[in-house]
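Protein chains in written order, with full-length UniProt numbering: chain V, 1 to 410; chain G, 1 to 410.
Heads up, a few of these hints could be off.
[Said to hold, decoys possible] Chain G stretches covered by chain V per the calculated footprint, using a threshold of three residues with CB under 8 Å from any CB of chain V:
{"#": "1", "region": "264-273"}
{"#": "2", "region": "287-293"}
{"#": "3", "region": "315-329"}
[Stated by the list, open to error] Every beta carbon over 12 Å from chain G, so not counted as near; a handful from chain V, in silico:
{"#": "4", "residue": "Lys268"}
{"#": "5", "residue": "Pro357"}
{"#": "6", "residue": "Leu405"}
Hints were generated in silico from the structure; no laboratory data involved. Ideal placement from N, C-alpha and C gives every residue a C-beta, glycine not left out.
2 protein chains.
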Amino acid sequence: MRCCGRSGATMGSISQKGGPGNSLAWRLCLSIPGGKRDEDLILPINSSLSVTLHQDQLKTTTTVAISKDFAEDRIWLNGREEDVGQPRLQACLREIRRLARKRRNTQDGDSLPFSLSHKVHVASVNNFPTAAGLASSAAGYACLAYTLAQVYGVESDLSEVARRGSGSACRSLYGGFVEWQMGEQADGKDSVARQVAPELHWPELRVLILVVSAEKKLTSSTVGMQTSVETSPLLRFRATSVVPARMAEMMRCIEERDFQGFAQLTMKDSNQFHATCLDTFPPISYLNDTSRRIIQLVHCFNTHHGRTKVAYTFDAGPNAVIFTLDDTVAEFVAAVRHSFPPEANGDKFLKGLQVRPAPLSDELKAVLAVEPTPGSVRYIIATQVGPGPQILDDPNVHLLGPDGLPKPDA
Amino acid sequence: MRCCGRSGATMGSISQKGGPGNSLAWRLCLSIPGGKRDEDLILPINSSLSVTLHQDQLKTTTTVAISKDFAEDRIWLNGREEDVGQPRLQACLREIRRLARKRRNTQDGDSLPFSLSHKVHVASVNNFPTAAGLASSAAGYACLAYTLAQVYGVESDLSEVARRGSGSACRSLYGGFVEWQMGEQADGKDSVARQVAPELHWPELRVLILVVSAEKKLTSSTVGMQTSVETSPLLRFRATSVVPARMAEMMRCIEERDFQGFAQLTMKDSNQFHATCLDTFPPISYLNDTSRRIIQLVHCFNTHHGRTKVAYTFDAGPNAVIFTLDDTVAEFVAAVRHSFPPEANGDKFLKGLQVRPAPLSDELKAVLAVEPTPGSVRYIIATQVGPGPQILDDPNVHLLGPDGLPKPDA
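Please build the complete structure, drawing on both the sequences and the hints.
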């Protein structure tokens, strides 16, 4: 885990780390974005589970540089400078510096070649649309926490650093199947992520992200989030009386690679999460008509086959995340293409993993009750379970130049 | 309550009653369509409350005739003959005949001019679209039960007869504000409707029905209904732990004509009902994108005014039912017209009660975040709280002719 991507030799004072190409964590079920018992510490009201998706398809890359020559902390996201003063970013920086200071005070032979009062520059890019509701903030903050830790030489659990940025980011610190344990302590010290099963545990599992036509969000996710905890009686009941048993059951399904159980629980829990959003006042609606058509498509597909071959889950947006096994991907993609014909760029409709074209039987076409709505699914990203953060040693792929500013093409 | 609309004099054997122009009951809140503890007796898992809407705008008219000359029971809905063998209709007929037999056996001087073995003809029409999800079956079965009772001379509580047809129909037997008490007995004898407040209790209250563009229902309401009780953990919690307190609070709001309380509880409970639909497996979605835009419009409107002036509720379909007070109707209709401009037939956009045109302030226009979507609200029906069943004495308005068959224009 040691990193040698230090590239600031020519300037002496820049300590730069190669950005780990961090994976996007996808909530598979049981997570409540914003269902927080403590809004400041970002502590959840129940444990949750996610799958980290593969960086070949979806990744965040982050570079951090530290220098005595930097006048202030600065951050660039996807090449555009953003306000470094936003509270969550500040909380991450404060937390990592606190951990670095603690380490300096408790360990001999601190080897950091810079003062903790030096300013940092951060550059981060996603290889997927940031605004598309693809949990970019989870991947982004996990990657930020991990890269900062590399630079600052912090080796302790990073859950808290990542969590301060975006709750679900703590899960993205690991590959494979990851649990975010809600913890019990008021200070959140035991609200940490841990890997439940590694990346290669279930090699047949496939993930399809159906990116739904972007329409203006009816409810801003940040505005409504905390109100769920305050106003939804169903959310409180769910957290205390439904989720614990479902978490245990989901762990079992993953361990035994029981796809039927895994799939049904995933769908039920996605539906219940969105039910509690609707029970919030004012209500929050992340699903739109296309989301609901996808839900119907999945149930029709499964009914046709007489068993649960495909599952959906929805995060805080209308995009569907589909779980299936490798032997079903081609037929399901054909079903999606049938129900949501690409409007244009048909060749770009499917991204990511190769999927062979498959014919759709007339019987299946007949039961897909959904009337075709061209263009309402913009494209599909085919991917699978992936590893945790990776360190990029090659300075050529770092996002900040020797001057600590974003490279022209970054 | 006695009726003299007997029109079968020329044929001697036909006993015909004028159809009470029965009102449409609208669930205001707290009702769970299909949330039934007993599917056969149609017993609900919680009590519920509804407002009966005015017959000037929304009504069902039913005529029943009985004759020894009829070879079989027959029924015509909106001029078209339907299958009289459907189980719920048969249950109604069986129940009313049972009550009539009981009355004949226990009372002296039974005056029915026909045998209970004679067959019935029934004709029923709605003056509103049947398929539009406007609770036509509640109004229809209430009207049928009431009319049958007139013909058969049954004077006992008709809740059970109506309930056997459509659960919520028992509430439509009364005008004003009506409670359906869930009851406790296994045989459902105490699952009856009662009037909470009469028709003229809250004269300022207005009801707007926003009929949303018909799209094919994604989920058939009958298919999914019983599965809610079986599969939704949230529904069970709601019925036992949320609804009882809300019922009490709603009664208070109605009694005190507390619009703010009434409105907020109505919205919260509509949202929670639809949340439990989504928590059903497979999930049920009655709301569509237009429904959600209406929800957002209402919240924007209230936020702009700094208080709750308008409330929405949704039944088992995408149409919105809006509650407001008479001083707010004109401005809210203008807001709806702004957000959902009529595509055509602009003069038919508003039906029912007269609403004067009102200008929309620029400030309000600015906060109506909803992007105008022309045509997605088809039309508005403006109405108010109405009376219970009415008897139509005039034979000219009866739907069956002296021959017991529908009149040509019925």
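Which of the listed hints are broken here?
Of the numbered hints, 3 and 4 do not hold.
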